[in-house]
Amino acid sequence: MAVARAKPTAPSDDKRWKIVETRMRRLGNRPDALIEALHSAQEAFGYIDDGALRYVSETLSVPPSTVFGVATFYHHFTLKPQGEHTCVVCTGTACHINGAGEILTAIKAAMALKPRETTPDGKLSLLTARCLGVCSLAPAAIVDGVVEGRVVADEFVTRLEML
Amino acid sequence: MTDLAAPGPADRPERRRVAGVTPADGPARVSAYVCEAVSCLSAQSHEVLTGLGAEVAQRGLTDVEIKRVGCLGLCAAGPLVRIPETGQLFRHVSPDDLGALVETLATARPDGQHEAEEPFFSRQMRIATENSGVVDPESLDDYLAMGGYEALRKALTTMQPNEVRGEMKASGLRGRGGAGYPTGLKWSTVAKSIGSPKYVICNADEGDPGAFMDRSVLESDPHRVIEGMAIAAYAIGAASGYVYCRAEYPLAVTRLKKAIRDATRGGYLGASVMETEFSFEVDVRLGAGAFVCGEETALIASIEGGRGTPTPRPPYPAVSGLWDRPTLINNVETYANVAPIIRNGGEWFAGIGSATSNGTKVFALAGRVVNTGLVEVPMGTTLREIVFDMGGGIVDGREFKAVQTGGPAGGCIPAQFLDMPVDFESLMGVGSFMGSGGMIVMDDTSCMVNVAKYFMDFCREESCGKCVPCRVGTTQLYILLDRITTGAATMEDLAQMERLAGMVQRTSLCGLGQGAPNPIFSTLRYFRDEYLAHIVDRTCPAGVCTIEPLPVPA
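Respectively, the protein sequence lines represent chains B and F. Quick note on numbering: the first sequence equals residues 1 to 163 in the numbering used here. Quick note on numbering: the second sequence equals residues 1 to 554 in the numbering used here.
There may be inaccurate statements among the hints.
Claimed, not checked - Heads up, simulated DMTMM-like pairs for lysine to aspartate or glutamate below, C-alpha to C-alpha not over 20 Å straight-line: (1) Lys-257(F) with Asp-141(F); (2) Lys-114(B) with Glu-461(F); (3) Lys-257(F) with Glu-43(B); (4) Lys-80(B) with Glu-117(B); (5) Lys-154(F) with Glu-275(F); (6) Lys-114(B) with Asp-144(B); (7) Lys-108(B) with Glu-155(B); (8) Lys-18(B) with Glu-58(B); (9) Lys-114(B) with Asp-457(F).
What the hints assert, rightly or not - A short, non-exhaustive set of chain B residues, derived as facing chain F with CB atoms under 10 Å: (10) Arg-30; (11) Leu-34; (12) Glu-36; (13) Val-70; (14) Thr-93; (15) Ala-94; (16) Ala-129; (17) Ser-136; (18) Val-147; (19) Glu-148.
Rather than coming from a laboratory, the hints here were simulated on the basis of the structure. Everything numeric in this text was worked out from a predicted model, so none of it was measured. Yeah, the Cβ is synthetic: ideal placement off N, Cα and C, and Gly gets one too.
Hey, can you work out the whole structure from these sequences and the hints?
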């Protein structure tokens, strides 16, 4: 059954591919390492492009269709490059009843930006999260990895615009 | 979050020497426990920790210990600092104003008067979270000092696997993930199942919006969960296990991975645990933002590297799970209860709680309530005690309307049931669900139709698409709810919605679809007048939905 194959090569000589390669190798390059491999690719590059999908597919011997299916099934993975800054607005239940919708409406009104979109100048990407688990700080958001609680819509939008 | 991250200061042997904090010389006269769980961290508790360390060092207070701890519970008032010797809790501590806190630390006597605790703390009974806010979550030594891994030692050295299972059965512990399946029975089923190797999985894919108990347990006391898993592995005959954790919880993942590394180094995991013949390895697998992966068969599919779609049961994972092998899946909080049960015996645990639901339950109190945070109470505590006595009532003194439990598959419980004791059966009886333990309090500013629509939107987005009733049904139900909230619905739409909701409930493949209509049923049961107000009177009583007035005929 085992057919000798050429070792898959990384799409470029970017050092970050080493991280992805190491993660897959540690998990024995087995098909079940797929999600972990996609995680490490996204962490290293910020998103998962076609080259990354193909590289993971070849290394783990998983059909490209399956890799694409998995990468698009999970909300966490993104196949598009993100903006310079990212803002994640939590839309969990506690945030919902404390005004998460108003925050999104304010961002849309001020910056014409909807969830899962990036501003045309590539400055800011807006995302939503199902629940960040910091319900006691509702409504909450994450700006560039920093959790912010009790967000007030107007002030928040003003700060986003200045990023 | 990656394995390759540089080891933090806590990786080095001199414990508690956190970012310049000088530990007390000799036994500490008094200590300050600074909460470093996500909620307080986002309110700058780490700056409080370092600032406090610098200040204490500057004033030469060598008998004061400053310690990072996990969740102190009262997340609404973060950053929190607790002085355990005096029982004082400092709230909203600002890193720029530590004066009063340092002054107290300089003068406090451990034998002095102990401040009376407020109901938020005094009404709690902490078993699963007994170490939260007490141990440094990144220190194995601290966990050991609290009797950590002693339950595992007891199980390995003095008990046979069937005796461990017997204690679990005697305890009457029921799964804390939501459904409440008896844990001891599940363990026995896996132990009896034919097939090898067997696996132990910890479900830390806490997807219910508004629930953060598992995050808190993992961030505050990760070793406790690992110890529970190891005891389970011994009891069922497994040698490896996985923790499936949400990627949205980076701090929990970091602390969990560190705890696994430390425990392996310390001989509490890995080959020949505590020099016995028992071996157990644990690995962490990250979820990737799919709610359906909290369903056990979908979770297994995800660990296997595929799309997280559920498969029909039977066969249950206990018979054929991960890689078609017998697999034990329990929730984080369930594992956190294992060590105390083994330590104190199943009978002790069975003596706590209500008749059919033993022990305690951790609830995440959030929404329009004053004291948002985590509480652990005996099963059978009433909603009124939780929301009003412990939670401090409704924000701004408004009127209580409902409490939502059970996440997207749960229901809204109205004021008339406030004196109902909370346990698995009573919640089912009023059309709700225990779920993982989120409690969202709602006041008169919440529109119940809008809440139902919110949850349906959630289920519609999170439906994995495998079975038609859930994939199509949730979308159609959402459209109907949207028509109601915009004033475009007729009474026929309402009838249609009820029929469809019943169909989705009966015919969906997994718990996501079967539970999705629950918010509709429970809000219709108790708040039908609000639906009628939207449809007949074209008004939203809570003022949440925007309904355009009908054009006046010219």
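Hint check results:
With a C-alpha separation of about 16 Å, the suggested pairing of Lys-257(F) with Asp-141(F) holds against the 20 Å cut-off. Between the alpha carbons of Lys-114(B) and Glu-461(F) the distance comes to roughly 16 Å, so the proposed pair stays at or under 20 Å and holds. The suggested pairing of Lys-257(F) with Glu-43(B) holds, with an alpha-carbon distance near 17 Å, which does not exceed 20 Å. This hinted pair checks out: Lys-80(B) and Glu-117(B) have alpha carbons roughly 10 Å apart, not beyond 20 Å.
Of the supplied pair hints, the one linking Lys-154(F) and Glu-275(F) holds, its CA atoms being roughly 13 Å apart against a limit of 20 Å. For a cut-off of 20 Å, the pair hint linking Lys-114(B) to Asp-144(B) stands: about 17 Å separates their Cα positions. A distance of roughly 14 Å separates the Cα atoms of Lys-108(B) and Glu-155(B); the hinted pair therefore holds under the 20 Å criterion. Taking the CA atoms of Lys-18(B) and Glu-58(B), the gap is near 15 Å; set against the 20 Å cutoff, the hint holds.
Between Lys-114(B) and Asp-457(F) the alpha-carbon distance is near 17 Å, which keeps this suggested pair within the 20 Å criterion. Because the closest C-beta pair between Arg-30(B) and chain F is about 8 Å apart, less than 10 Å, the hint holds. Checking Leu-34(B) against chain F: minimum C-beta separation of about 4 Å stays under 10 Å; hint holds. At a threshold of 10 Å, the smallest CB-CB gap from Glu-36(B) to chain F is about 7 Å, leaving the interface hint in force.
Taking 10 Å as the C-beta cut-off, the interface hint given for Val-70(B) holds, the closest approach to chain F being about 6 Å. Against a cut-off of 10 Å between C-beta atoms, the interface hint on Thr-93(B) holds, since the closest Cβ of chain F lies about 4 Å away. A distance limit of 10 Å between C-beta atoms decides the matter here; for Ala-94(B) the minimum to chain F is near 4 Å, and the interface restraint holds. Hint status for Ala-129(B) relative to chain F: holds, with the closest Cβ pair at about 6 Å, below 10 Å.
Given the 10 Å rule on beta carbons, the hint for Ser-136(B) holds: about 3 Å separates it from the nearest Cβ of chain F. The interface hint given for Val-147(B) holds, since its Cβ lies 4 Å from the closest Cβ of chain F, which is under the 10 Å cut-off. For Glu-148(B), the interface hint holds, since its Cβ comes within 10 Å of a Cβ in chain F; the closest pair sits about 7 Å apart.
Violated hints: none; the structure is consistent with every hint.
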